[in-house]
Each structure stands twice: as structure tokens, then as C-alpha cells.
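Peer 1: As you go down the protein sequences, you meet chains A and B in turn. Numbering-wise (numbering that gives the first Met the number 0), the first sequence opens with residue 0 and increments by one. Numbering-wise (numbering that gives the first Met the number 0), the second sequence opens with residue 0 and increments by one.
Careful: at least some of the hints might be erroneous.
To be verified - Within a straight-line C-alpha distance of at most 30 Å, the following computed BS3-like cross-link-like pairs (lysine-lysine) qualify:
| hint | chain 1 | residue 1 | chain 2 | residue 2 |
| --- | --- | --- | --- | --- |
| 1 | A | Lys153 | B | Lys43 |
| 2 | B | Lys134 | B | Lys153 |
| 3 | B | Lys134 | A | Lys134 |
Hint data in this document are derived by calculation from the structure and do not stem from the laboratory. Values in this document were obtained by computation on a predicted structure and should not be read as measured data.
2 protein chains.
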Amino acid sequence: MRRKSFEGVPCGIARALDVVGDAWTLLIVREAMFGTRTFDGFRKTLAIPRNTLTARLRDLVDRGILRVRVDADDRRRRIYELDRAGRELWVVLLALQQWGNRWMFGETGPPSYMADRETRRSVAPLVPRDRSGAKLRLQDVTMIPGPAATPELKARFRRLAARGT
Amino acid sequence: MRRKSFEGVPCGIARALDVVGDAWTLLIVREAMFGTRTFDGFRKTLAIPRNTLTARLRDLVDRGILRVRVDADDRRRRIYELDRAGRELWVVLLALQQWGNRWMFGETGPPSYMADRETRRSVAPLVPRDRSGAKLRLQDVTMIPGPAATPELKARFRRLAARGT
Chain A
0 MRRKSFEGVP
10 CGIARALDVV
20 GDAWTLLIVR
30 EAMFGTRTFD
40 GFRKTLAIPR
50 NTLTARLRDL
60 VDRGILRVRV
70 DADDRRRRIY
80 ELDRAGRELW
90 VVLLALQQWG
100 NRWMFGETGP
110 PSYMADRETR
120 RSVAPLVPRD
130 RSGAKLRLQD
140 VTMIPGPAAT
150 PELKARFRRL
160 AARGT
Chain B
0 MRRKSFEGVP
10 CGIARALDVV
20 GDAWTLLIVR
30 EAMFGTRTFD
40 GFRKTLAIPR
50 NTLTARLRDL
60 VDRGILRVRV
70 DADDRRRRIY
80 ELDRAGRELW
90 VVLLALQQWG
100 NRWMFGETGP
110 PSYMADRETR
120 RSVAPLVPRD
130 RSGAKLRLQD
140 VTMIPGPAAT
150 PELKARFRRL
160 AARGT
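Chain A extracted, bound-state conformation (with noise of 0.2 Å):
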């Protein structure tokens, strides 16, 4: 059962969450960044239900996240590679675990992060930053309307600056 659509819904966030917001999608991705590329990859490595990896793989081609290939070596075997969109997956990806690793795993500290291939150093934390480099904080920041807003959308911006939040 797939949840309802955001398809129309005018934000980033909502239509990123179309695509991306069942949590086996961005397991799959991050299976697919770390090197499986076959149905039984996924399916051994996340065990996931065989209909359920079927229906989200065609997705994920579908949107241009994954694209798929005959494997030259056995022509009854399909390899799965994230396309663009699919690489720069990365970051979300890397914001999610760096928040789960810091608030879901108490003193235990967790399973595994993103480090340096070389140093082994783990990734220091995303910091969002202005256009000179500045660092920015939650409360620095406002939500603005862009070229494809809505004219509903422009009047709720207004309101919200109105209230100054």
C-alpha cells in the first residue's frame, strides 16, 4: 500500500519524500552506494521482501535513481548502478545517519558511519552555510518563495514573516 502522493504539492521537501521517503527506497540507495548491484544482493544484504524490492527497483529506475544493465557475463542477470540523481543521494543520506547516530544509539555509540577512505576519520557533521562560508543556525534561516511558487504559497510566506518566524 503506497501512502498518498505529494506529486502536487509545491515544496522540495514533499516531492523529494515522493520519491524517496519509503524508508526501503533509501536503504536500497545506500545499498547501492556501497557496491550491491543485483536483485539477490538486495535481497540477501536488506531482506526485504522479493514483490516489495521488485516494485521499488522499477521505481527507482523509473525516477532516474538507479539504471540498470544485462550483466555482459550472464545475460539473465540485470546490474543496478545509481545514476545522478541516485549519487547525490550521498548527502541526505549522510545527514540522516549523522542525525540517527547522534540521537537513536544513547551511549552504546553506533553500528557504523561515513569516513574518509583514506584517513578513516569519520565525516565531521554537515554544517549548513551561507553564501560566504558563514555558518547558519535554524533560527538565521527563513523559508522563501521561489520561482514556481503558488500564489497560495506567496500569501503563506507573507504570514509567516508577518509573525516573524
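Fit chain B to the given chain A structure using the hints.
Peer 2: This is chain B only, laid out in the frame that chain A set:
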């Protein structure tokens, strides 16, 4: 209907998705970030079904993302505010928004974006960096077992390292 829980899975990404992998959940956090504080406020801006909203708010309070108090001016009303773990989710939302804005809207451009409140310029794209501040690309990064890695997970990382991905 809730999907399978990843509570036992030793992965910060999976555990984060367990808490915030539901699309409504992250949209409620987005609203809270930009000033919505009441049940009716969330219901109107998100057009979310009442019972879904009730369940998600309870869940977010249970998990320490939101905290709730009684409105001093109207004691029948509850005020929901982001707790510390909830505030830190803004980096996850920013990563999602930047990805969604980049890949989901084509030539029309995004409907909204996060920006510096004072300069009105958009937040710079998040850049993963190592501990000395150098930029990291996906290919520079690997997954490393943490203090709470299970033997099974350690074996998987050894296999990953062996094939050089």
C-alpha cells in the same frame, strides 16, 4: 498501516528512517520549524487527515522530536514545539530540499527554498567535508563499523573493503 520497523537493524540510517521515514512526519517537522504550533495549524497547512495527525504528533512527542505543553491563554489547546533532536533535523530537511529542488522541478525551478533571513540568499549547497575541512565526494567515502557494530556487520564491512567499494 505502518511498515516494518527497523528498530533492531544496526544502522543509523535505518534507525533514523524508523523515526522520520514517514513522509508526513518530516512534513510536520518542516511546519514546526517554520512556526506552526497547534493541531489546527498543522491540519490546515498540511491538509493531513485528523487521525493521521493525531497519531504522528503522539509519536513525535514520544520520540523526543516534539514537546507539548498546554497553552497558557487557552487551557484546552496544546502547543507543540521542536525539542532538540527535532531542531537538529533541519539539516536533514535542508539536504532533502536541496536534492528535491535540484532534481524534481526541471526548468520551472523550485517553489521555495531555505534562505538566510537577513540577506535573503539561499543556503549554500551542503558539502560533506573531512575533519580538516577538505571536500569529500561519494567515492572518497566508505562505511566503517562503529562501537556498536555486530560481528555480522563487521564481516560485511570486511567483504566490502576486500572488493574495494
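Peer 1: Confirm or reject each hint.
Peer 2: Structure-based check of all given hints:
1. A:Lys153 to B:Lys43: Holds. Lys153 (chain A) to Lys43 (chain B) sits at ~16 Å (cutoff 30 Å).
2. B:Lys134 to B:Lys153: 27 Å, holds
3. B:Lys134 to A:Lys134: Between Lys134 (chain B) and Lys134 (chain A) the Cα gap is close to 16 Å, so the pair holds against 30 Å.
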